[in-house]
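Participant: Residues per chain, in single letters:
Protein chains: 2
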Amino acid sequence: MSEFDLIALIHARAATRGDVVLGIGDDAAILRVPSGRDLVVAMDTLNSGVHFPEDTAPADIGWKALAVNLSDLAAMAATPAWCTLSLSLPQPDAAWVDGFLDGFLALATRHEVALVGGDTTRGPLSVCVTVHGLVEPRGALRRKGARVGDDVWVTGTLGDAAAALRQWQAGDAIAPALRARLDRPTPRVAAGHALAGIATACIDVSDGLLADLGHLCRASRVGAALDVDALPASDTLRAAFDRDSVCTLQSAGGDDYELCFTAPKTARLAVESALFACEVPATRIGRITADAELIVLHDADGGAWSPPRRGYEHFGG
Amino acid sequence: MSEFDLIALIHARAATRGDVVLGIGDDAAILRVPSGRDLVVAMDTLNSGVHFPEDTAPADIGWKALAVNLSDLAAMAATPAWCTLSLSLPQPDAAWVDGFLDGFLALATRHEVALVGGDTTRGPLSVCVTVHGLVEPRGALRRKGARVGDDVWVTGTLGDAAAALRQWQAGDAIAPALRARLDRPTPRVAAGHALAGIATACIDVSDGLLADLGHLCRASRVGAALDVDALPASDTLRAAFDRDSVCTLQSAGGDDYELCFTAPKTARLAVESALFACEVPATRIGRITADAELIVLHDADGGAWSPPRRGYEHFGG
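Residue numbers (the working numbering), protein chains in the order written: chain A, 447 to 763; chain B, 447 to 763.
Derived from the structure by calculation, the hints contain no laboratory data.
Incorrect hints may have been included.
[Claimed, not checked] Coverage of chain A stretches by chain B, computed from C-beta distances (three or more under 8 Å per stretch; other residues unrestricted):
#1 475 to 488
#2 501 to 511
#3 548 to 560
#4 693 to 707
#5 722 to 729
[Said to hold, decoys possible] Here are some of the chain B residues that sit facing chain A, going by a computed Cβ distance under 7 Å:
#6 Asp472
#7 Asp484
#8 Met489
Everything numeric in this text was worked out from a predicted model, so none of it was measured.
Beta carbons are placed, not taken as given, at the ideal position from N, Cα and C, and that holds for glycine.
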C-alpha cells in the first residue's frame, strides 16, 4: 500500500460534478466558476487528540472534517461546490481510509460537493480540508453587519457536543445522542442560504457561543445581551446535567456547528419562515446592544450570569 | 498567546489583492474569479521530520510550504492568485510564526499571491497550504498529452535537494548550495506559463524524475527513453558525488520542483525562446516512446542504466 495506491483508492470513490474540468489525478484540479458568482473558501484542520478523541471511528472523523468546513460556508450563506483533502496518517491503511471516506463522502454527497484533489502524507493523524463554495456578489453573510437592537438568534441546540466531550474526559458513559452531536455535526448549509438577505450578520458556533458571538460583535462593533435561560438545549442535555452546567456547556462549550446570527426585529417572521422552509429550528436568545464587544448574560429573572470560562481555544485559552 | 493572537499576527502581515473581496478574519474568504478564467487548485502538506528535517529554519519551512504548492500550479501553466494556510504547532510561538511568515510571505510577494485564510491549531508541527491559480479555459498543461516522438525536457538541474538530504541523513556537512535547493526550492511559475501552448504535457518533479515522468507517461499512455548522461546537474552535485550517485540522485531523488515536460521536435526553438525569455534553463533529456509506461535509461554509449530505486514515496515505497 503506497501513497499512490491510497490516492487511487480515494479517486475511485470520489464523485464529480459538471463544473469540474479536471479532478483528482493531475498536479492540480481545474474548476469552472460560473459567471456572476464569487468564490468562497474556508480551510480547517482536525488533529487527533485535539479536535476529536483518539477512539473516534474513522467514518466519524471523515464526516466531521468536512462538516466543520461546510459549517464555515454555511455561515457565509455560500453554496458548497468542491473540496480538497490532505490526509496525514501514521501508516498507510486502506481499511482506515475506506472507513474515513464512508463518512466524508456521505456528507459530500448530501451537499453535492466534489472531492477534487489534495494529498496523502505520512505523519501523526491529521485531516486538513479546504472547501470551495459559490455566492452571488454581495450575497454573503459576514460577521460584520449586526446593528444595535437586532435580535440574536441561534439555530438548533447548544452544548450537546461539549457535554459528550466532558463525559468522555471524565471517563463516564457518553449519552449516544450527545456523542452523535460531537462526532457528526450537521452543517447548517440550507439555513445559511435561507438567511441571506434577511440576517444582518452570521457566524458558526465552533469555539463556543460567547467566543463566536464575541467575534461577531467585534467585527460589527456592537455588544450583546443574552438571556441564558433562552439558550436552546436538547432534552438529553437537560436530563444529564444540572442547570448551571447546562448553561456553561451551551455558552462556552463549542463544537456545536450551529449558526448564530442577527436580524432586525421587523424580520422575525421572515427568519421563521425561511428556517421553517428548510426545517431548521431557531431560537431568539437576546439582542444586540451598543456596548462594544461586551456580552452580558442574564437569567429569566434579570439576574446576571457568567460562565466559568469563555469558549474554547486550541492554545489553552 | 492564543490562537486568535496568532491569527491576528498573520493577518497583520498578509498583503491583499484587488480581487480579494474578503480576506482573513471571517468564517471564509470571498474571492472574485475573473470571467473567462478557470480556477486551478492544489493542496500539499509538509510534516516535520517527513518533508523537512526537524532542524529546518522556520523561514525555510514557510518558503517551502508555499513553493511546493506553487510548483503544482506551475506544472499546470496557471497564474497564482490566492492561498490559504493551516498551521499546526505544538505550542503557540509568535517568534516561530514570525520567522515562518518571513519565508512564506517573501515567496508570496514574489508571485503576488494573497494569503486569504486558513487556521492555526495545536498539534505536531505540520503546514498545509492550498493555492489557487487562474488559467484560460483549455490553457492548462496536464500530465496527459505527450505523443510518441516528443522530446522530454527538464528545467534547471536535478538531484541537489536529494543530495542535501543524503548528506544530512549521513551526518555529513551539507554543501550550502545543495541545502539551499532543499530548503528554498524555486517554483517554475514563469516557465510553466511560458510553456502553455508549446508543451504537450507537463509535471513538476517532486517525487523524483522517474516517478513523476512515470505519472506523465501513465496519463499519456506512452513510455520514455532517457539519456542518463544528459540529465542536468549542478557543479556542486558533480563535485560532491561519484557519477553513479549523481545519476541516482537525479533520477530517483525528488524534491527538485523543476518542470519535466514534453514537446514536439518541431517546437525546440519555441521551447528555447520561451524559456530564454523567463531566464530558466532547460535540457532535452530523451524522447517519448510507444512503450506504454516503460521508462528506459541509457548512457551516452547506449548502454542500459538503472537506479537502485524509483523515486520517493511517503509510505516507504
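Participant: Checked against the structure, which of the hints given earlier come out wrong?
Facilitator: Of the numbered hints, 2, 3, 4 and 5 do not hold.
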